[in-house]
Amino acid sequence: MNLQTNELIDDYLLGRLSPPDAEAFEQQVKANPELANELAIQNDIINGISNTRRAALKARLNNLEIPKGNWFTNNATWVGTSAGVIVLAILAFLYQNNTSTTVQTAETPQIPQKEQNQTAKEGASKTNPSLPQETLASSSPAQEAPTKKGNVTKPAFKKEVRNKEVSSNEANSDLSDPAVTKFEDETVLASKKGSGEEKEVEATKPVAKTAQTLNAETITNSNQYTYHYKRNETRLTLYGNFSEKAYEVLEISGKSGTNYFMFHNGNYFSLASTDGEIRSLTPLTDEATIKKLANLRKRK
Amino acid sequence: MDDQEILLRLKKRDERALDYLYKKHYKMMLNMVVKNSGTEDEAKDIFQDALIVFWEKATGDKDFVLSAKISTYLYSICQNLWRKELDRKARNSGDMVDKGEVVDYDREERVNIINKCIATLNESCRQILTLYYFEKMTMGEIAEIMGFANADTAKTKKYKCKQELDKTVKQHYQASDFLD
Numbered sequence: 060m061n062l063q064t065n066e067l068i069d070d071y072l073l074g075r076l077s078p079p080d081a082e083a084f085e086q087q088v089k090a091n092p093e094l095a096n097e098l099a100i101q102n103d104i105i106n107g108i109s110n111t112r113r114a115a116l117k118a119r120l121n122n123l124e125i126p127k128g129n130w131f132t133n134n135a136t137w138v139g140t141s142a143g144v145i146v147l148a149i150l151a152f153l154y155q156n157n158t159s160t161t162v163q164t165a166e167t168p169q170i171p172q173k174e175q176n177q178t179a180k181e182g183a184s185k186t187n188p189s190l191p192q193e194t195l196a197s198s199s200p201a202q203e204a205p206t207k208k209g210n211v212t213k214p215a216f217k218k219e220v221r222n223k224e225v226s227s228n229e230a231n232s233d234l235s236d237p238a239v240t241k242f243e244d245e246t247v248l249a250s251k252k253g254s255g256e257e258k259e260v261e262a263t264k265p266v267a268k269t270a271q272t273l274n275a276e277t278i279t280n281s282n283q284y285t286y287h288y289k290r291n292e293t294r295l296t297l298y299g300n301f302s303e304k305a306y307e308v309l310e311i312s313g314k315s316g317t318n319y320f321m322f323h324n325g326n327y328f329s330l331a332s333t334d335g336e337i338r339s340l341t342p343l344t345d346e347a348t349i350k351k352l353a354n355l356r357k358r359k
Numbered sequence: 184m185d186d187q188e189i190l191l192r193l194k195k196r197d198e199r200a201l202d203y204l205y206k207k208h209y210k211m212m213l214n215m216v217v218k219n220s221g222t223e224d225e226a227k228d229i230f231q232d233a234l235i236v237f238w239e240k241a242t243g244d245k246d247f248v249l250s251a252k253i254s255t256y257l258y259s260i261c262q263n264l265w266r267k268e269l270d271r272k273a274r275n276s277g278d279m280v281d282k283g284e285v286v287d288y289d290r291e292e293r294v295n296i297i298n299k300c301i302a303t304l305n306e307s308c309r310q311i312l313t314l315y316y317f318e319k320m321t322m323g324e325i326a327e328i329m330g331f332a333n334a335d336t337a338k339t340k341k342y343k344c345k346q347e348l349d350k351t352v353k354q355h356y357q358a359s360d361f362l363d
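Heads up: the sequence lines are chains A and B, in that order. My numbering numbers the first residue of the first sequence as 60 and each following residue consecutively. My numbering numbers the first residue of the second sequence as 184 and each following residue consecutively.
If you are wondering where the hints come from, they were derived from the structure by calculation, not from laboratory data. Every residue, glycine too, gets a C-beta built ideally from N, C-alpha and C. There's no promise every hint is true.
To be verified - In silico contact screen, one side only, chain A against chain B (beta carbon under 7 Å); selected entries:
no., residue
1, 88
2, 103
3, 107
4, 109
5, 112
6, 113
7, 116
8, 120
9, 125
10, 338
11, 345
12, 349
Next up, chain A with everything else stripped away, as it sits in the complex:
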């Protein structure tokens, strides 16, 4: 397909053609199977790009802390019960984390003043159009935001480190890029649950000699990076609030090396190496990969 046809397909799929032009294009498609096939592929590609973005937005919302409250206001018994459960949950959470936590109670969220003063430059981010801007000119978030590293005396969740052989008959997703999962002849070396307080994900007793230890840390109060990660070799930095819901890092070793994935809040994420670059955590959307990771999690 030439450039002109590609642009025509784009314009058609993005609804930028006038009704007569769109109709004329549809006539062309009907008469040209090759063009029809190309249109179908391009439609799926655009949907794929859009769905990836939707999944990222959804993951962002899913990761937000919602003030716990008695939203079942029409049922007095339930309100009493839920309040009791919430108190217990908060106490358990504080006990488990052994760290200071602010429990939000306000019903209407407040946007910090700092954020409200910077609407003019909202769209000017060079790294991500929708990220807060106030930290762009300052130091890196890793420098400005204190990490929780070293503050924790006790892991918040029970550690699970197991070794498990996985059948080599697992279907293989056969793309060569390291970011794409390969499951054939893989071994789950370690899986660790964390809560944002967890520091070390130790791939203890790996089956393969090449297995690595992943050192994880979380940065919870970066203004700019709210659900992001950075991985350089075996150093993983997670940006965002991981204290409410446990995250789990899956270390999978195979012929192609060691791949890391994360399970958090019902979604799976690839923790492919970013070479020091901070990237947004985007949930995997490929159903086959998700299914395989879910199976591996169950079997570990």
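Go by the hints and put chain B onto chain A.
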């Protein structure tokens, strides 16, 4: 923050405005679904989807103006999505299974390949393509956000990124075809 200001922020793709709406209307929207036979998880899912629909409307349609309160829009979107979900559940339950539905395995395979190829794109290309295809930005806007010299540079970059994605998709799609 009033509705007009929120809309302005959404139009500028400020995700924090989305966070604000989520927190502000969470209870009301969840209540609606839960009172209509939904679970809390389903309600959360529906509300998140509704917010994304509203985001797409606000960012993608330059002429979009509020003719009602944002909460009214969100409530209405939630209701529609939940109705569709209930219909889907009804279709998939018991005797109402749609036996005539044909699963297009070829397309499923293609979609899987496309998702994997998107995941392998470099961050810059993924951003450019997202800004163009999902956020529906003009080349001028993309150039400003990405720090390119002008709209022509953005257009060239977008073209190269798209070409790279198309090429990878087709390579893998054809390879998979051949293996079949």
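* Violated hints - listed by number, lowest first -> 1 and 12
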